[in-house]
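Engineer: Each chain is listed here by its residues.
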Amino acid sequence: MTTFGWIVISVLSLVVLYLMYNFVMEFILNKKLSRFKHKIHSNGMKVSQVIMFRKAYQVALGMLLVFTLGISGIFEDKIILDNQKVLTQAHQVGSKSKLLSLLDINTDDWYYYAPESELESTAVDFDQSSESRDYIGTNEQVDGVSEADIIKTDGNYIYYASRYYQQINVVFVNDDYEVEVLDSIDLGDVYTEDMYLTDEYIIVIGYTYQTSPYEYEVGAFFIDWYYRAPSGTVVVVDRVTNEIVYEVETDAYFFDHRVIENQMYLVSTKYIYNTDEELRPQFTETKNSNKEDSFVDYDDIYYYEDVTAQSMTVITSIDLELLTYDAQAFLGHVSQIYVDQDNIYTAFNYYEYADESYTTSYFSKIIKFSIDPVDQSISYQGGQTVIGHILDQYWMDEYEGYLRVVTTEFSLDINRLYILEEDFYEDKLNIVSKIDEGLGLENENVKSVRFNKDYVQVVTFEQTDPLYTIDLSDPLNPFIKENPIKEDGYSTYMHVWNEDYYLIGFGFDATPEGQVTGMKLSAYDTRLDKALDTYSFASDKEAGFGYSFSEAIYNPKALMIDASRGIVGFPMNLYRYTESSYYYESSFVIFFIDFDSENVISEPIFISHDQTDYYMQVDRGIYIENIIDDIVVDRYIYTFSYEQVLVYHIESDMIIQKEQLNDAVNAYDN
Amino acid sequence: MIKIIWSKNELSSLEDQLNHHDIHYVILDQLESIPEHMIGIEVDEDKKEEFKKLFNLIEYEKMQMFFPTQEGFVQVHLKDVLYIESFGDDIHMHLIGQKCEHIKKPLYQLEEMLKPYHFIRISKSYIVNVRMITYIKVALNAKLHLELREGTKLDVTRSYVKSFKESLKL
Numbered sequence: 001m002t003t004f005g006w007i008v009i010s011v012l013s014l015v016v017l018y019l020m021y022n023f024v025m026e027f028i029l030n031k032k033l034s035r036f037k038h039k040i041h042s043n044g045m046k047v048s049q050v051i052m053f054r055k056a057y058q059v060a061l062g063m064l065l066v067f068t069l070g071i072s073g074i075f076e077d078k079i080i081l082d083n084q085k086v087l088t089q090a091h092q093v094g095s096k097s098k099l100l101s102l103l104d105i106n107t108d109d110w111y112y113y114a115p116e117s118e119l120e121s122t123a124v125d126f127d128q129s130s131e132s133r134d135y136i137g138t139n140e141q142v143d144g145v146s147e148a149d150i151i152k153t154d155g156n157y158i159y160y161a162s163r164y165y166q167q168i169n170v171v172f173v174n175d176d177y178e179v180e181v182l183d184s185i186d187l188g189d190v191y192t193e194d195m196y197l198t199d200e201y202i203i204v205i206g207y208t209y210q211t212s213p214y215e216y217e218v219g220a221f222f223i224d225w226y227y228r229a230p231s232g233t234v235v236v237v238d239r240v241t242n243e244i245v246y247e248v249e250t251d252a253y254f255f256d257h258r259v260i261e262n263q264m265y266l267v268s269t270k271y272i273y274n275t276d277e278e279l280r281p282q283f284t285e286t287k288n289s290n291k292e293d294s295f296v297d298y299d300d301i302y303y304y305e306d307v308t309a310q311s312m313t314v315i316t317s318i319d320l321e322l323l324t325y326d327a328q329a330f331l332g333h334v335s336q337i338y339v340d341q342d343n344i345y346t347a348f349n350y351y352e353y354a355d356e357s358y359t360t361s362y363f364s365k366i367i368k369f370s371i372d373p374v375d376q377s378i379s380y381q382g383g384q385t386v387i388g389h390i391l392d393q394y395w396m397d398e399y400e401g402y403l404r405v406v407t408t409e410f411s412l413d414i415n416r417l418y419i420l421e422e423d424f425y426e427d428k429l430n431i432v433s434k435i436d437e438g439l440g441l442e443n444e445n446v447k448s449v450r451f452n453k454d455y456v457q458v459v460t461f462e463q464t465d466p467l468y469t470i471d472l473s474d475p476l477n478p479f480i481k482e483n484p485i486k487e488d489g490y491s492t493y494m495h496v497w498n499e500d501y502y503l504i505g506f507g508f509d510a511t512p513e514g515q516v517t518g519m520k521l522s523a524y525d526t527r528l529d530k531a532l533d534t535y536s537f538a539s540d541k542e543a544g545f546g547y548s549f550s551e552a553i554y555n556p557k558a559l560m561i562d563a564s565r566g567i568v569g570f571p572m573n574l575y576r577y578t579e580s581s582y583y584y585e586s587s588f589v590i591f592f593i594d595f596d597s598e599n600v601i602s603e604p605i606f607i608s609h610d611q612t613d614y615y616m617q618v619d620r621g622i623y624i625e626n627i628i629d630d631i632v633v634d635r636y637i638y639t640f641s642y643e644q645v646l647v648y649h650i651e652s653d654m655i656i657q658k659e660q661l662n663d664a665v666n667a668y669d670n
Numbered sequence: 671m672i673k674i675i676w677s678k679n680e681l682s683s684l685e686d687q688l689n690h691h692d693i694h695y696v697i698l699d700q701l702e703s704i705p706e707h708m709i710g711i712e713v714d715e716d717k718k719e720e721f722k723k724l725f726n727l728i729e730y731e732k733m734q735m736f737f738p739t740q741e742g743f744v745q746v747h748l749k750d751v752l753y754i755e756s757f758g759d760d761i762h763m764h765l766i767g768q769k770c771e772h773i774k775k776p777l778y779q780l781e782e783m784l785k786p787y788h789f790i791r792i793s794k795s796y797i798v799n800v801r802m803i804t805y806i807k808v809a810l811n812a813k814l815h816l817e818l819r820e821g822t823k824l825d826v827t828r829s830y831v832k833s834f835k836e837s838l839k840l
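In the order they appear, the protein sequences are chains U and Z. Oh and the first sequence: position 110 is 110 in this note's numbering, straight run, nothing missing. Each number in this note's numbering comes from the position in the second sequence (counting from 1) with 670 added on.
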């Protein structure tokens, strides 16, 4: 009940109590008066009963009013959010003690499941001007929503931050399209993870490792050691001066992030290990060499009664013009996020185990935050729990106001599609329709999903790969189209090609028995029931291929992919077999795709780096083209590993330049 | 056995009261020992108490008092008095039917004089006829509001509440 409610109810109760007292006193007084009159045999006026009844009626009404108000719930904690929605699903934490109590309740009865975060998507075309060149940007899920990667370019400069070093390599692409390796940017104690590029800044997502002594009891058996608690750090580097102009450090792990125009949104996880410490997420801002600490207010931390947790998910927005931040949090973990230009969705996969029946139930809590179009601030909109787990950001998509979600459940192997719509008045996402049968054969789980406006393609797999197409044009009545595509193996990532019904799938090949043999690339026409063309890297001693793997299998951002240019590239690690031995090779592979030709998928081109240790593998490739009079004259691929940058010229099929980037590091030296 | 001698003219009102209170009586008409305009009544002894009250009531109803006024004296039936109010030396006696008499007698003397007839002081300047009270209201400030016949309202001030209750044996 609200404080106001308590005050009203208390005051009314006091009034009613007074009325009751008054009534009792009058009743006694008038009874006595009546008796007295009787005694003296007054034949005067009798004591009025009417007034007494009226009074009793008032008291009864008053009591009824207080009772009704009390149980009506109109003074319940109805929190109206800034967006005028009534908070009915989530609650504000409000205080440290409340937070502690929530953590206590939940310690034992739940678990979280957090698979690798993954990403994806589309090519970015820049307007052609005298200074800018055309290139293929990071593969992103949603147009206009930038995703981070370890490599970024504007066509002239390439910034490359090989993971978990403390520097950014800067490479300039000169007028001859050759590379000049410039001084790298030193990030001090920040280890890089991901990067964004804006016109003015390079924004680095990374971690700062702090050492703190581990507490131990004197006389205890073990010796002291140091616990390293990394804190998520965002570093903003000016592209002209290469100086750090802004830094935000927080005591949480970054789960994922996006940049929309000049606003950055970060979703991070704060684990709560020690309840004696400050529980609120903490931020340390460094700006003009001033350090300032701040915390997320308890009122900006929300929780759900049905979702309990030992961790907190923090949603932070950073204004890249003003260099300020804003944050709010909710209790619970985050397993996937989906961001479009207007909204941020977080999904948290969890399961509940029933001891009696030995069954596990899988759930996912989806929470929606909207992005204010004016000030880019984020505000909580509502949540919903669906059955099954969401294992990839591509399993979620918003189109024309509907959130579409694909989930998979492991115990019963049921795959589902949900269509949700935000409630207008309450903080809820209403389920408007769902498909919970017919998606996947027996024992099959979802492997990849690609939404495309009114359609979604879903790949399930156990032995063979049915690629289903679901018609979503009527959100209330989605249906699975007949005759799914069947082939061996499955795609882990699907990319819609020029036409809505053309698809490129990237994934694993497998034997008809379901045993994975290596990577493959497939081209589909979703109107047919089998693949148009497939190129497989599956083990084939005659072709000299061995085991193959690519980061792009789990991270679509490692794919260099552009439908308009008809090109797909990805880094690949191969174990090549010879007659007597095998060796490791890291290269960047390029395919050309043309749905109009008989062979949709071309033969691959391998750009191999010098043989090196596996941790020095090729990370990324960048495509930059030279256009003269609207005709593409030259196409170059710049491939990066920690040690080297190579320039490959497609037209002449030659590696035209090879430059040292960093000194080789031997991991075993440390 | 109680024997009463009663005026013949007043007999009907007494009979009404006796009947009302279920008191059995015998009228002795032809007695030589009493004057011609009187009659004798015999009532059962065990109804003595009730009869006494009845008698008081009749006495009260008959009760008239003379009060000094500016012009001389006024004769007032006590059963007609609602309350008495003082304005300094002016004493207003309010009667049933919106009538009012100006009395020349201090309020404290009136209080003493009328006490036996259940007139009670309720504030510095008011004496009320208890028989006229129709309802007692308990007010917020520890006062009592009295409602009298004919809609008159009077306050029992705080310093008189206790004595008011006591005199009612409340």
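Keep in mind the hints are simulated off the structure, nothing from the lab. Built from N, CA and C at the ideal position, the CB exists for glycine as well. Worth double-checking, as some hints may not be accurate.
What the hints assert, rightly or not - Not close to chain U: a few residues of chain Z, all C-beta gaps over 12 angstroms, as computed:
#, residue
1, 675
2, 718
3, 787
4, 794
5, 795
6, 803
7, 815
Stated by the list, open to error - Here are some chain Z residues pointing at chain U (derived, C-beta under 8 angstroms):
#, residue
8, 674
9, 676
10, 806
11, 807
12, 839
Engineer: Quick check: which numbered hints come out false for this structure?
Structural biologist: Violated hints: 3, 6, 7, 8, 9; rest satisfied.
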